[in-house]
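Visitor: Let the hints inform the model, and build the full structure from the sequences given.
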Amino acid sequence: DTGVSQNPRHKITKRGQNVTFRCDPISEHNRLYWYRQTLGQGPEFLTYFQNEAQLEKSRLLSDRFSAERPKGSFSTLEIQRTEQGDSAMYLCASTRRPSGSADTQYFGPGTRLTVL
Amino acid sequence: AQSVTQLDSQVPVFEEAPVELRCNYSSSVSVYLFWYVQYPNQGLQLLLKYLSGSTLVESINGFEAEFNKSQTSFHLRKPSVHISDTAEYFCAVSEVEAGTALIFGKGTTLSVSS
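Heads up: the protein sequence lines correspond to chains A and B, in order.
Sequential numbering from 1 applies to the first sequence in my numbering.
Sequential numbering from 117 applies to the second sequence in my numbering.
Please keep in mind that the hints were generated in silico from the structure rather than gathered at the bench.
The model shown is predicted, which means the values in this text are computed figures rather than measured ones.
All C-beta atoms in this analysis are idealised placements derived from N, C-alpha and C, irrespective of residue type, glycine included.
Just to be clear, a hint being listed does not mean it is correct.
[Said to hold, decoys possible] Not the full set, but computed from the structure, chain B residues with beta-carbon under 8 Å of chain A:
no., residue
1, Y148
2, G159
3, F206
4, T216
5, A217
6, L218
7, F220
8, G221
9, K222
10, G223
[To be verified] No more than 25 Å apart at the CA atoms, straight line, and that leaves these computed lysine-lysine pairs for PhoX-like:
no., chain 1, residue 1, chain 2, residue 2
11, A, K11, B, K222
12, A, K57, B, K222
13, B, K222, B, K185
14, B, K185, B, K165
15, A, K71, A, K57
16, A, K11, A, K57
Guide: Right under this line is the structure:
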């Protein structure tokens, strides 16, 4: 396994711009999760996919946020009309089995977003 | 809904001293319990987890945690820490029956000095 990868690692943008992040999970992992981590806080769940289906979305995921996993492999997270409050580390994680909650989630290094 | 409280935001200790990082959780349903570690400039890694069975679980690098259902706690301990244990430690829970997302605490920064 090469691990979960995320690109870019850092993104600086101006308020109002759109940004897109990519996550490549570990090969053959069925589930893919997105979390957000702000300074001094633990990661907070945003959404998850089982294969290409988005099965759950947190209330944190406003309508400016959209996530996709079109072929059940990599995933993208887009934020439209960014706000300064969107500045955070965005983490991606994946698990092998579809049964979920007992499985170890393997995390990527994260994408740090700074909105000026 | 579940919540996780890590009672100490920072724990400074000297090398070879024992350490305990405290974690309490709140949930109306059965949960699985996890400790994740984040070393400087690295991603989150699983340290250990409690699913069922023996309430004492151990990691490969000498950490252990004990699930205490009556006190709703899952404290992490190590009898003798090393400089290399300096990291941020996160306690997390997930719902057994239906949950998939991890609910994390705010984290505890363990700083080990010589």
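Visitor: Now tell me, hint by hint, if it's right for this structure.
Guide: Now for the hints, and whether the structure bears them out:
Checking B/Y148 against chain A: minimum C-beta separation of about 6 Å stays under 8 Å; hint holds. Because the closest C-beta pair between B/G159 and chain A is about 4 Å apart, less than 8 Å, the hint holds. Because the beta carbon of B/F206 sits about 5 Å from the nearest beta carbon in chain A, less than 8 Å, this interface hint is met. Given the 8 Å rule on beta carbons, the hint for B/T216 holds: about 4 Å separates it from the nearest Cβ of chain A.
Restraint check, B/A217 versus chain A: the minimum CB separation of about 4 Å is within 8 Å; hint holds. Satisfaction of the interface hint for B/L218 is found here, the shortest Cβ-Cβ separation to chain A being roughly 6 Å, below the 8 Å cut-off. The beta carbon of B/F220 comes within 3 Å of a beta carbon in chain A, closer than 8 Å, and the hint placing it at the interface holds. Of the supplied interface hints, the one on B/G221 holds, with its beta-carbon coming within about 5 Å of a beta-carbon of chain A, less than 8 Å.
At a threshold of 8 Å, the smallest CB-CB gap from B/K222 to chain A is about 5 Å, leaving the interface hint in force. Given the 8 Å rule on beta carbons, the hint for B/G223 holds: about 5 Å separates it from the nearest Cβ of chain A. The suggested pairing of A/K11 with B/K222 holds, with an alpha-carbon distance near 24 Å, which does not exceed 25 Å. Using a Cα cut-off of 25 Å, the hinted pair A/K57 and B/K222 holds, with the two alpha carbons roughly 21 Å apart.
Restraint check for B/K222 and B/K185: the C-alpha separation of about 21 Å stays at or below 25 Å, so the hint holds. Only pairs whose Cα atoms come within 25 Å are accepted, and B/K185 paired with B/K165 is accepted, the gap being roughly 15 Å. Taken as a hint, the A/K71 and A/K57 pair is honoured in the structure, with Cα atoms around 19 Å apart against an allowance of 25 Å. Note on A/K11 and A/K57: the hinted pairing holds, with a Cα-Cα distance of about 24 Å set against a maximum of 25 Å.
Violated hints for the displayed structure: none, as all numbered hints are satisfied.
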